[in-house]
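S.K.: Each chain, letter by letter, is given below.
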Amino acid sequence: MNLDSTQIVVIHDGLISTNDPLLVELRIRFGEQNVEYFPSSNPGLEYVLANLSSKMVVLLDVNFSHGEKSGFQVFEEIRERTSLIYVIMITANDLNTLRTEDLITLVNHDAFAIESVASDYIKIISLVDKAAHQLEVRVASVLEQWINLRSPDEQATQFIMTSDGTKYTLGDLLGEIRQQSEIGMAVERNILVLAIDLLTRQKEKLNG
Amino acid sequence: MYELVKNCYDANATDVYVDFKDASLDPINGTITISDNGTGMSFSDIRDKWMVVGTNSKRTKLYSDPPFDRKFVGEKGIGRFAVDKLGERLLIRTKTKGERRRLNVTIKWDEYETKANAPKPMLFTEMANEFFYEPAPADEHGTTLVISRLSENWSNFDLDRLYIELSKIVSPFYPVDPPFDIFLNSNTDLEYRNTAVKADPVKYYSHYGELSFDLSTGKQQVLKLNQSNGKIQTDWIDIQSFGPIKMRVYYFNESAKKRYRTAYKNDESRIDGIKIYRDGIITTPFAEYEGDPNKKRDILGIDKRRWRGAFDKVGTREIIGVVDISKQQNPNIIDATNRQDFIDNSEYRRLKEFIIEQIDVLGELKDYERKVKRSAVEKELQKASDEVKQFSTEIRSLEKQIVREHPQLKGVLTPLVDQASTLGKTISDSISEQKKFEKDVVRKEKIYLSLMSLQDYAANISHAVRTSLGKIKRSAEFFVNNFPNPTFDDLFKEYALFIYGEMNVLLKVTDFMLSYASSELDFEDVDIKELIESIFLSEYRTVLEAENISVELEIRDTFIINTNKRFFHDIFGNLISNSIKALRNTPNKVIKCSGLLGSDAFDLYFSDNGYGITKGDEEWIFGLYNTRTADKGGAGIGLYIVEKRIEALRGSIEVAESEFKPIGATFKITFPFDRD
Amino acid sequence: MASFHILYDEEDTELGGYFEACKSDLVRFLGDNLAGSPISELNASFDVATLDAYLRGINPHNYLLIAYSHGDDSSLSRNGVRYISTQTNASLLINSLFYAVSCLSANDLGPEIIGHGGHIFVGYRRTFMIPLDYQEVSINCANSGLHMFILGQKAGVAFESMKAFYTTQIDRLMQFGAIIAASLLVDARESLVFLGDADLAITDFP
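Protein chains in written order, with this note's numbering: chain A, 2 to 209; chain B, 54 to 729; chain C, 391 to 596.
Simulated from the structure, these hints should not be mistaken for lab results. The reader is advised that the hints may include incorrect statements.
Derived lysine to aspartate or glutamate pairs resembling EDC-like cross-links, with alpha carbons at most 20 Å apart [unchecked claim]: (1) A:168 x C:561; (2) B:668 x A:69; (3) B:526 x A:183; (4) A:70 x B:397; (5) A:168 x C:523; (6) B:221 x B:332; (7) B:251 x B:218; (8) B:328 x B:351.
None of the values given here were measured: they were computed from a predicted structure.
Chain A on its own, in the form it takes in the complex (with noise of 0.2 Å):
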């Protein structure tokens, strides 16, 4: 798998196997080896999770069937891991009887969107092409990946110290940056201030 590329990552229960023209279009747009299908939650979760370093756009269902998780659930699930990866709901029920407290959940944990199944599938993947914009432009994936590009080594080592003294690694980094905390934030307003800082001194170089 190919760090730079984005995975789309396709978890729904209600296409046509694997030959559902969503997925084949899928794969014509963002490349055989990038998309991946599961027709069932539990493996589909397992599948993200196991994944959080590769750009990721997940397709979501709601329903599953007995005993498997809902995708309210799988959402949840992937949101206490990280926050860059950009989830799109796609469900068969009818939108107004979704529970109140499922729509506060994919809210407040910024899903991406949520589409009906029955939609066009060139919507379906304009809003897949648009999450995976985001994932290109958002300075919190970058660091994502530049991290993920250094050694085991180095993710290991000593890092940064704050001033009250707490030292965090590479990959203590790359938690802080996924989960969104203060230091995951700052971290990455640091290297937002410094892209401007070098641009705007090029500009000058370039005027002068």
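Knowing the structure of chain A, use the given hints to seat chains B and C on it.
M.R.: Same frame as chain A, but now just chains B and C:
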């Protein structure tokens, strides 16, 4: 209109006059006047409260001023809108007690519309309204609304409807104090000449029950049926958690309903179930007007539970009832702020149960009457039999007498006598057959049909259909976007086949769902063993023979159930189809079906020696569209239907250890008996 | 000769090493470039309860005070005890050039000191993070302003030189690909504050 009258109640009025003038033929020139003697409004009340849209409809207090202490029934912030709907112009004449002037405010809704649609629209609150004061006696108080340029005409029928709805505001049996009297007047409809709006006395009912309570002993009355004479009587229990209540309920059996229909010209909407009043006034969940009887909300859940035991339970279209509670005695029955229901606490749940328990007594009555009818028939038969026997005996003795004296008559009389005694014997035989049928050694059990609730049904159908449609749509969309393109030829073929197949599946699914909607679900007495045998040995015989499948049936005991045959056909049909697929590659194919009768349930085991069920799939296989045999044409609905049918009969199905271990599969189906 | 008074706590559990390293760097630089100037090293064993008296002793004349320490908006602290704060002894820093390598003190403490007659205050208005692989870079940057001042630049110019030095270090780290470390320096640089008389030079502190 209903909302406006409720507002008068909230304003502590004791009298409300509703007057319709020229409203029937010429609404643009007609007026409606609502006049009350309540507290009245001040200028700031009108400007800051009455005119302002209530974004938060919570009141700051729940009860009106003493000594009335009325729990507010009207919805806050609605007055304005109610009036707007009725007519284009409004004149408010109002005065509070002690003021020396009466305030008159004119509001012209039509002009506001124009101004609101102007290029630079004005806000409603910015518009200057016309108003003036006139002198008035200090102790006058109240509000009059004069609505003109009416938006619709009011026919006599409309006024009748209004009268009925308004009559429901005040409890018919336990009236409110201080009183709240409504008078309806129309200059075009002769029936309404300042006529007091009162609930009609309930007529034509077949049975009646009334409950009260005794605080000194702490006891509450309940209804019970006297099984020996079929009369409804009362008994005493402790006052319940929701507090003491009074209740009156009128039951309309079939003949009572017929009489009612004749008297009220087929308008059965007045038989509308139970309503709850508090301190003489209707409670908010029951205070919403809904004209369409099919849309009336069944707040107490009376009809909902009816599905579960269809025949003897009494529903809202068969009773008129009033439950009377009071703020003081029943403080935990609280109107929910969404106005649709009461707050769901344990006291309210118990109250609902209690009400249903009383209604169930009427259900017992229904059953009693049915039994009485049946035994009446028996009695008739018995009487006929006795009479025939008597007739035979007398004829014989008569014959002997006559033949002694006139031997030539023997040829004529004897056949007649023989015929009479054959007839007598036939009747006796059929009577004892009927009795035998009743006391049959074979157990006759009833399996009640429990239909899934309408909500589940709707949710099921919409989810299934939407999923199916999504698949079909995407396949078609792919064509639209990509055809022609040789790279995708294989996919095009696949999708075309798929669309066809899925349409068929969709048809099956909707047929299945619609079978629940059909109002005629035929019930008949069915012998289980015979039924299963006929399914295997006649209906599916050809198919099973063609597949070389041998069948082993071991239904040791049998029993008769009163149920829907088609459901059983669906169950076994689908199980057999599944087995056929599973047995495709098995050399010696066997399907086995065995049944055991227990004291509480009937257990059926359905097995085949095919390739079995993958470990871990035991629950998954019952999900809609879940199939491991898509390549063999499996659509994943067979077992879904099987499970749903079995559940509808209050049974259950699960995967058991295979009788043909280590291969094959066994399903265990259990039908518990209804012990009522 | 200018007198240098350096407050630091080498025994601080979290940042003791860092503080000591900063002090050592400064002392070494002074030794190389302004030999003979009196340096008072007020380390962990210095009793801060006596600080007020100490300050009264030195503040009739111009002096330089440097603190490598924990801090907040209105105070500096050691081991949880505030030793310089707006509430107590800010006025005693009259006549000082005060450089505080500590979090946040530029927000309230700095202005308070200048208001009470302090000549110059340089500090940071945010908390900062230290890249552990590039601690010497961080220390060099932190002391670079003082270095320039000691070498003769006027205070204002030395401050600008400090920021320029930060920038060169940022670029250097970028060349190594140490992006996060570079970003921390940017943050620190942007956090620096200069208050007081920009025209003073080391010669004004005899």
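S.K.: A separate judgement is required for each hint: does it hold in the structure or not?
M.R.: Against the structure, the hints come out as follows:
1. A:168 x C:561: violated, 24 Å
2. B:668 x A:69: holds, 15 Å
3. B:526 x A:183: violated, 46 Å
4. A:70 x B:397: Distance of about 29 Å is beyond 20 Å: violated.
5. A:168 x C:523: holds, 12 Å
6. B:221 x B:332: holds, 14 Å
7. B:251 x B:218: It holds: about 10 Å lies between the C-alpha atoms, which stays within 20 Å.
8. B:328 x B:351: holds, 10 Å
Hint check: violations occur at hints 1, 3, 4; the rest are consistent with the structure.
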